[in-house]
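Q: One-letter residues, chain by chain:
There are 2 protein chains.
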Amino acid sequence: MTATATPTSPPPPRPTIGIVGIGAMGLPIARNLHRRGYPVVVRDLRADAEHEAHAAGMGVCASPCELAQRADIAVVVVVDSAQIDVVLFGDGGIAAQPAPPRRARTVMLCSTIAPHDTAAFAQRLGALGIAAIDAPISGGPARALDGTMSMMLAAPAATLAPWRSLLADMAAKRFEVSGTIGDAAKAKLVNNLVAGINLVAGAEALALAERLGLDARRMAEIIGASSGASWIFEDRMTRALRDDFEPRAAARILTKDVGLATALAASVRQPTPLADAALARFRETVERGWAELDDAAVIKTYRTPRP
Amino acid sequence: MTATATPTSPPPPRPTIGIVGIGAMGLPIARNLHRRGYPVVVRDLRADAEHEAHAAGMGVCASPCELAQRADIAVVVVVDSAQIDVVLFGDGGIAAQPAPPRRARTVMLCSTIAPHDTAAFAQRLGALGIAAIDAPISGGPARALDGTMSMMLAAPAATLAPWRSLLADMAAKRFEVSGTIGDAAKAKLVNNLVAGINLVAGAEALALAERLGLDARRMAEIIGASSGASWIFEDRMTRALRDDFEPRAAARILTKDVGLATALAASVRQPTPLADAALARFRETVERGWAELDDAAVIKTYRTPRP
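First to last, the protein sequences are chains F and C.
Per this note's numbering, residue 225 is the first one in the first sequence, and the count goes up by one each step.
Per this note's numbering, residue 225 is the first one in the second sequence, and the count goes up by one each step.
Don't read these hints as lab results, they were simulated from the structure.
All residues carry an ideal CB built from backbone N, CA and C; glycine is no exception.
Please note that the accuracy of each hint is not assured.
Claimed, not checked - FRET-style restraints, in silico, Cβ to Cβ:
| no. | chain 1 | residue 1 | chain 2 | residue 2 | range |
| --- | --- | --- | --- | --- | --- |
| 1 | C | Gly513 | F | Phe313 | 52 to 60 Å |
| 2 | C | His340 | F | Asp439 | 14 to 22 Å |
| 3 | F | Arg398 | C | Arg472 | 27 to 35 Å |
| 4 | F | Ser491 | C | Ala449 | 23 to 31 Å |
| 5 | C | Leu465 | F | Arg493 | 20 to 28 Å |
| 6 | C | Glu511 | F | Ala490 | 20 to 28 Å |
| 7 | F | Asp439 | C | Ala306 | 27 to 35 Å |
| 8 | C | Asp439 | F | Arg527 | 37 to 45 Å |
| 9 | C | Ala449 | F | Asp439 | 26 to 34 Å |
| 10 | F | Gly513 | C | Glu511 | 38 to 46 Å |
| 11 | C | Glu516 | F | Asp439 | 34 to 42 Å |
| 12 | F | Arg530 | C | Gly513 | 36 to 44 Å |
| 13 | C | Ala306 | F | Thr528 | 34 to 42 Å |
| 14 | F | Asp439 | C | Ala490 | 19 to 27 Å |
Okay, chain F solo, but in the shape it has when bound:
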């Protein structure tokens, strides 16, 4: 008996993914999906980012509107709400496609922004027949590239259903917060509030150890093995001790996130004294010209106090 190769049917065509904003996170997300076999089209304001995507075999669109008509879903990975507003509702924005929307009927919002902005964007999109997924991400470029980043998710189940396989390919760790748009944005800010405080706490402690004449590397090793251990301490203070402030996460980003978190808390009259103190340190880091350094640079505010 001879084994004959049974011709298999071709895999079902993958949806085309449109990615707006191919910076530190957007580009690795695009590369990851492209490598996994999704057709990917992109849009960015920076020509060099678009050239890089083009060289990697992705399509480049002249506007978010064009992207929405070439893709089945638009993934928005720009920096803040002001940029999202332009991408969605500006000239040549996603909302500018002829109604009813011709192709991309779903927009995934991956930036870390104020939850009320997420909710407002979703409402305006909804009025145009476009669904939104509240999907902030974390984990950094390396994990975006291999699909192991984390994603917090909030959207009605029916909105998520067609995209579960895509979401799994983008983010190995997915946390479904609730079915209410804005709740994932809230959860992201609450996490980043803790991360921001823990980072400043580590800087405060190591700078104190240095001032006390203790061996700071030994001190970091002790903290890492004791009750002071935290994920961000391990990650950032290792760099701070080497005076390596090459940005993996620029200081301005966590400054923005902790500011959004304290504003959110203030909106429900919940006190956040530690986050307020951490935010003051991050703001000082930015004011003293270290906004584009790694956020571990917050230790510099402790090492050399402002006169």
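Fit chain C to the given chain F structure using the hints.
A: Okay, now just chain C, sitting in the frame of chain F:
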């Protein structure tokens, strides 16, 4: 040929360990060493603690002075500097043994106290021919009992040399900070400063999540798997979410430790804005009558603000 049992020489006699203060940490330390074959004698002000040690087969001493004459080393595990002062230099204290010291010529100081107190005690003991080991401990009763707790160590190498095997039996994780008495106390305070901030940060974040109407358990799970993760968050917030404030570590302890840490920082003019904010929350916890609850109870100050 018949195998004959070769008589082996008996193991070298183990030193007798004297433990002063057999409370939450002292008693499990005593039990651990006793189980490992050390003769153990103890001293405590509370008769029931002494009965418990006696029932377990340990010797009970009428005073620290008697303990110092029956043991080869005195391990002091009382709460604070005031108690250590009495144990060492009070009536019937360790220093009251006839000079030169007849037996225990080494005192191990395991409490978390101000580094300048540690140094002052060591100096006064040294004048009497008694060596000190600066040896603060951490890890909780369960790890004290099985010998897996952590210990920070500072003492001249010659002081430590005879006790390395004892130290290894007491604490699986030992961090030698330096040869200077007081440096281990400093390192302990720096670690506890971070732990205290991280704990309050976790409470601040979860109370905020609750106020925002998020599912707090889901939020804790997200933080535990994200950039906000910390050892103390995982340990304490798990309890706080169950409203379980049965004390494993009473709130007054970390209040004391963070207060000592900020005082130490102030003594070298190093700012600690986050620790100051955390200390205010711990003090409020104590003032509102929750000093003897678990330190996770700091979340109660956020859940029900003081009017």
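Q: Return holds or violated for the Cβ distance of His340/C and Asp439/F against the range 14 to 22 Å.
A: holds (20 Å)
Q: Do the beta carbons of Asp439/C and Arg527/F sit within 37 to 45 Å of each other?
A: With Cβ atoms ~40 Å apart, the hint holds.
Q: Note whether the CB distance of Gly513/F and Glu511/C lies within 38 to 46 Å or breaks it.
A: holds (41 Å)
Q: Given a hinted range of 20 to 28 Å, is it respected by the beta-carbon distance of Glu511/C and Ala490/F?
A: holds (25 Å)
Q: Using the C-beta atoms of Ala306/C and Thr528/F, is the stated range 34 to 42 Å upheld?
A: With a Cβ separation near 38 Å, Ala306/C and Thr528/F satisfy 34 to 42 Å, so the hint holds.
Q: Look at the Cβ atoms of Arg398/F and Arg472/C and judge whether their distance stays inside 27 to 35 Å.
A: Holds, since Arg398/F and Arg472/C (Cβ atoms, about 33 Å apart) stay within the stated range.
Q: Starting from the range 19 to 27 Å, see whether the pair Asp439/F and Ala490/C falls in it by beta-carbon distance.
A: holds (22 Å)
Q: Holds or violated: 20 to 28 Å for the Cβ distance of Leu465/C and Arg493/F?
A: holds (22 Å)
Q: Is it true that Gly513/C and Phe313/F lie within 52 to 60 Å of each other by Cβ?
A: holds (54 Å)
Q: Could you say whether the range 34 to 42 Å given as a hint is met by the Cβ separation of Glu516/C and Asp439/F?
A: holds (37 Å)
Q: Is it true that Ala449/C and Asp439/F lie within 26 to 34 Å of each other by Cβ?
A: holds (32 Å)
Q: Given a hinted range of 36 to 44 Å, is it respected by the beta-carbon distance of Arg530/F and Gly513/C?
A: Between Arg530/F and Gly513/C, where Cβ atoms are some 40 Å apart, the hint holds.
Consistency with the previously given hints is maintained throughout, with no hint failing.
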